[in-house]
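Novice: Using the sequences and the hints given, assemble the complete structure.
The chain contents come next:
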Amino acid sequence: MIRRFPAEPAAGPAVEGYLAELTALLPGPSRARAGIVAELRSGLADATDAHRSAGLPSAQAARAAIREFGDPARVAAGFRAEIAASQARRAAVALLVTGPLVGLLWIATAAASHLRIGLAPPWHWTGTAPGLGAGIYLIAAAAGVTAWGAMLSIAATGRLTRWLPARPRRAPTAAAVAGYGAVSADGLGLALLAAELATVPGKLSLLPAAAAAAASIARMLLARRAARHCLALRASLT
Amino acid sequence: MRAETLKGHLDGILLAVLEPGPRHGYAIMEALRVRSGGRVDLPTGTVYPALHRLERAGLVQASWSAAGGRRRRVYQLTPAGRRALDTERGTWRDFSAAVTALLQPAPLPVTSP
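Going down the list, the protein sequences come from chains D and G. With the numbering used here applied, the first sequence corresponds to residues 1 to 238, in that order. With the numbering used here applied, the second sequence corresponds to residues 1001 to 1113, in that order.
Don't read these hints as lab results, they were simulated from the structure. A few of these clues could be false.
[Stated by the list, open to error] According to the in silico footprint, chain G covers these stretches of chain D (three or more CB under 8 Å from chain G): (1) 35-46; (2) 103-113; (3) 150-161; (4) 193-207.
Built from N, CA and C at the ideal position, the CB exists for glycine as well.
Specialist: Here's what the structure looks like:
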């Protein structure tokens, strides 16, 4: 991933036209795009210099450099796979980090509420709305899917990259699955909270419940956005 | 030599070009041409995504540098990259020895009268 890139003076119209054509073929985010374009611009300047010192006049040297860099569609296709991989990895890391945090807020809510849960498994809890135990198992399953998808996506985009067969769609697919898993887990958590509020409102500790609900809503929105972004990146791969 | 022929070996080739020291993208391309005696001539633009992939895999690391008046992204091998290059070399030696032996014209069959 590109972290810092400097502003480069614009090149001649032919080179800028080539870069614009290439940029149009790259998906977001614009930061990643700008880093790639800055690197290619400096490479094209080097190539132009090389052709100029071989005796070509400036305009022809720039055109030769563009020919040498090749079809923008082909160069963009290579970078699309790279952008998809790094974005999928980023989404997966975010999901993996935020999951336990939101989970802890929900556990704190349950512990602070008068549900007499102690250390008992959910089916032994008393004073809760019916179906809470089953709901918690569904959440655990959704959280498991999220963790699995996120870890697969991270594994497929890191050091293991070169040991796995090159399948550029794997990472964005897994990250999208993880995103929708997180949406389901958080959505179920909120639904259970609503059920508790509707049936046994007095037993809930409202402050931690509000914090957990806010965290879940935020994560749900972000996870949904990340999942859609990953699906769009996946669709951009040819 | 076309990109299709090099497929599967480009990673190793790029690592080998970076073995003597750090280089920026265009210098890597020039080194590819020079070291292959002009036989390797890929579209230069396709080398950059390959370098980014190696970076993501932790085999090279890149940083912007302003040496020589132009900002360039310079790549260098990581320790993992050196190990990967060693592995790549060993694999290639075995593979090319086997294929060389197999492509050798077979000795004429001994015909019995």
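Novice: Count the residues of the region 35-46 of chain D with a beta-carbon closer than 8 Å to any beta-carbon of chain G: does the count reach three?
Specialist: Satisfied; 8 residues make the cut.
Novice: How about the region 193-207 of chain D: do at least three of its residues have a C-beta closer than 8 Å to a C-beta of chain G?
Specialist: violated (count 0)
Novice: At least three residues with a C-beta closer than 8 Å to a C-beta of chain G: is that true for the region 150-161 of chain D?
Specialist: holds (count 4)
Novice: Within the assertion that chain G covers the region 103-113 of chain D, do at least three residues meet a Cβ-to-Cβ distance smaller than 8 Å?
Specialist: Three-residue rule not met by the region 103-113 of chain D, so violated; n is 0.
Against the hints set out earlier in the document, violations occur for numbers 2 and 4.
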